[in-house]
Amino acid sequence: MSTDAAHTTATDKPPAHRFSTFELVLLALFAALIVAANVAFKLPLKMPGHSGLVWMALLVTAAAIVGKPGSVAIVGVFSGGIAALTGMGDKGALNTFLSYTAAGVGVEVVRLATGSLTRPLACAAAGLAGNVTKLGVKTGLDLWVGIPAGFVVLGRMYPLLTYAVFGLVGGYLGFLVVDGLRRAGFFVYLAEKR
Amino acid sequence: MHRPASTIVEHSFFRRVDARTKLALSLAASLVVALPLPSVALCVTAYGALVVAGGLTAPAWRNVRRLRLVLSALFLLDWYWVGLSFAVLITLRLLVLSVAFTVLIATTTRDDMRRALEQLGLPRRVAFAFATALATLSLLEAEWRGILEAQRARGLTLAAAPGVTWRQSFRFAHDLVPFVVPAVVLTTQRAWSLTETAAMRGIEAPRVGSGPSPKLAPLDGAILAAVGALNLLLFAIG
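Residue numbers (the working numbering), protein chains in the order written: chain A, 1 to 194; chain B, 1 to 238.
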């Protein structure tokens with residue numbers, strides 16, 4: 001009986017690279033939290049890309065909580081799907097889906113390149129990459145539609161700067177959030193739950 | 001809640017169409033954006049007829065109305081700098097992109113979408129997580145608002161701008177921490193209780209039975225054939 005139980009546990013336990021149901025639900029809820037923040041948590045800023053502040057912070061936090069490769073990209077894809085299905089964005093579902101996904105992929109790339117997002121500089125770089133990749137996808141779609149490159153480049157110069165700044169600050173905010181959670185014993189609590 | 005259930009257009013015949021078919025239709029319409037004016041115009045006519053026949057004029061118009069300023073400005077700029085036919089082409093392409101997914105979004109419930117994702121090969125746990133996130137969106141919005149109210153009541157407010165210097169910008173990030181940390185903790189707790197509920201309902205158990213049927217109805221077959229033929233024709237004539 002005990003041998004059977006041990007065998008079942010060993011075979012049923014997902015390999016380290018696979019996501020448990022808790023991790024998948026958590027990543028999906030982080031995705032929904034990002035979409036909800038874009039609706040409910042409006043900051044008193046009138047600059048393009050400012051939504052990236054909380055957005056990038058949540059992506060960096062998701063990377064810290066679920067430290068497996070691909071986790072932030074999953075949050076990006078989920079948030080893109082949720083935002084597209086809830087009719088967010090003003091340039092259609094495809095634009096919304098791709099830009100939300102790009103933000104996750106941008107952060108994921110920096111996370112993979114740096115190993116882990118534990119240092120403030122790496123977090124800020126991840127935020128920068130996520131927010132700028134989002135803008136890059138929007139720009140790419142504008143060019144794909146056929147809008148003259150001159151218009152697109154001129155129109156995106158100021159947003160590029162603000163997206164970069166908000167991405168950097170958002171990534172740093174992510175570091176502060178993870179640091180705050182660590183000090184509060186959140187990760188110990190999470191490990192016990194798991 | 002951002003998109004209440006009432007925004008689903010119940011009377012549309014697209015409610016009887018499989019979500020996978022509507023996804024294919026929307027993607028096919030989006031791809032036409034890469035083609036020249038005659039093909040885009042033909043696509044707009046065909047897709048517009050489907051939208052009207054499906055009783056989806058109101059949701060499609062909502063999408064167009066949100067873009068009206070951008071469309072008008074781009075149309076005038078393109079007309080002035082390049083020419084009228086180019087301005088029409090860009091406007092039509094942007095129109096197609098903005099309304100291409102209306103058929104899917106306005107007539108597909110969350111459950112239909114979850115089923116379609118499973119039928120498309122998405123693992124059941126992933127489809128469940130996605131559907132759960134969609135269902136909890138309104139709760140999370142309420143939680144964000146609650147956190148804002150609570151922190152304001154404690155005297156925490158946000159500056160109007162992150163500041164012009166790096167120091168001010170990073171100070172702004174520090175100010176945001178008390179707003180984001182509670183949201184993360186509440187979300188993790190919710191994820192844990194949802195996982196426990198799902199485990200009790202057997203989400204991790206092997207599926208009993210064959211699961212959702214991947215077969216399409218004749219109506220879906222007809223729509224897919226028509227869409228496939230139209231796209232082939234459009235790409236053939238370039």
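Read the hints as simulated data drawn from the structure, not as lab findings.
From a predicted model like this one, the values you see are computed outputs, not experimental measurements.
Incorrect hints may have been included.
Derived SDA-like pairs (lysine to any residue); straight-line CA-CA distance at most 20 Å [unchecked claim]:
| no. | chain 1 | residue 1 | chain 2 | residue 2 |
| --- | --- | --- | --- | --- |
| 1 | A | K46 | A | R156 |
| 2 | A | K68 | B | T188 |
| 3 | A | K193 | B | E196 |
| 4 | A | K68 | B | S72 |
| 5 | A | K68 | B | G146 |
| 6 | A | K91 | B | T7 |
| 7 | A | K68 | A | F19 |
| 8 | A | K42 | B | G146 |
| 9 | A | K42 | B | F75 |
| 10 | A | K46 | B | L67 |
| 11 | A | K46 | B | S169 |
| 12 | A | K91 | B | G146 |
| 13 | A | K46 | A | P159 |
| 14 | A | K91 | A | G155 |
| 15 | A | K91 | B | A73 |
| 16 | A | K193 | B | Q189 |
| 17 | A | K42 | B | S169 |
| 18 | B | K215 | B | E143 |
| 19 | A | K91 | B | T157 |
| 20 | A | K68 | A | T139 |
| 21 | A | K91 | B | T91 |
| 22 | B | K215 | B | L42 |
Which chain B residues face chain A? A few, computed with CB under 10 Å, are given here [to be verified]:
| no. | residue |
| --- | --- |
| 23 | A24 |
| 24 | T45 |
| 25 | A46 |
| 26 | W79 |
| 27 | L84 |
| 28 | F101 |
| 29 | W192 |
Positions of the beta carbon are idealized from the N, C-alpha and C atoms, including for glycine.
Cross-check of the supplied hints:
This hinted pair checks out: A:K46 and A:R156 have alpha carbons roughly 16 Å apart, not beyond 20 Å. A C-alpha spacing of about 17 Å is found between A:K68 and B:T188, which places the hinted pair at or below 20 Å, so the restraint holds. With a C-alpha separation of about 11 Å, the suggested pair A:K193 and B:E196 falls inside the 20 Å cut-off, and the hint holds. Taking the CA atoms of A:K68 and B:S72, the gap is about 46 Å. The hint is violated against a cut of 20 Å.
Of the supplied pair hints, the one linking A:K68 and B:G146 is violated, its CA atoms being roughly 31 Å apart against a limit of 20 Å. A distance of roughly 19 Å separates the Cα atoms of A:K91 and B:T7; the hinted pair therefore holds under the 20 Å criterion. With a C-alpha separation of about 8 Å, the suggested pair A:K68 and A:F19 falls inside the 20 Å cut-off, and the hint holds. Taking the CA atoms of A:K42 and B:G146, the gap is about 13 Å. The hint holds against a cut of 20 Å.
At most 20 Å may separate the alpha-carbon atoms for a hinted pair to count; A:K42 and B:F75 exceed this at roughly 31 Å. Annotation: proposed proximity of A:K46 to B:L67 holds, straight-line Cα distance about 19 Å (limit 20 Å). This hinted pair checks out: A:K46 and B:S169 have alpha carbons roughly 15 Å apart, not beyond 20 Å. This hinted pair does not check out: A:K91 and B:G146 have alpha carbons roughly 30 Å apart, beyond 20 Å.
Distance hint between A:K46 and A:P159 is fulfilled; the C-alpha atoms sit about 12 Å from each other, no more than 20 Å. About 16 Å separates the Cα atoms of A:K91 and A:G155, which keeps this hinted pair within 20 Å; it holds. At roughly 15 Å between alpha-carbon atoms, A:K91 and B:A73 fall within 20 Å of each other, so this suggested pair holds. Distance hint between A:K193 and B:Q189 is fulfilled; the C-alpha atoms sit about 10 Å from each other, no more than 20 Å.
Annotation: proposed proximity of A:K42 to B:S169 holds, straight-line Cα distance about 17 Å (limit 20 Å). With a C-alpha separation of about 40 Å, the suggested pair B:K215 and B:E143 falls outside the 20 Å cut-off, and the hint is violated. As the CA atoms of A:K91 and B:T157 are separated by approximately 32 Å, the hinted pair breaks the 20 Å bound. Distance check on the hinted pair: A:K68 and A:T139 sit about 30 Å apart at the alpha-carbon level, beyond 20 Å; violated.
Taking the CA atoms of A:K91 and B:T91, the gap is near 12 Å; set against the 20 Å cutoff, the hint holds. Note on B:K215 and B:L42: the hinted pairing is violated, with a Cα-Cα distance of about 30 Å set against a maximum of 20 Å. Because the closest C-beta pair between B:A24 and chain A is about 14 Å apart, greater than 10 Å, the hint is violated. For the restraint placing B:T45 at the interface with chain A, the shortest Cβ-Cβ distance is roughly 18 Å, beyond the 10 Å limit, so the hint is violated.
Given hint, B:A46 at the interface with chain A, is violated; its Cβ is 17 Å from that chain's nearest Cβ, farther than 10 Å. Hint status for B:W79: violated, given a least beta-carbon distance of 12 Å to chain A, over 10 Å. Checking B:L84 against chain A: minimum C-beta separation of about 15 Å lies over 10 Å; hint violated. Using the Cβ-Cβ criterion of 10 Å, the hint placing B:F101 at the interface with chain A is satisfied: the shortest such distance is roughly 3 Å.
The interface hint given for B:W192 holds, since its Cβ lies 6 Å from the closest Cβ of chain A, which is under the 10 Å cut-off.
In summary, the structure is inconsistent with hints 4, 5, 9, 12, 18, 19, 20, 22, 23, 24, 25, 26, 27 from the numbered list given earlier, while agreeing with the others.
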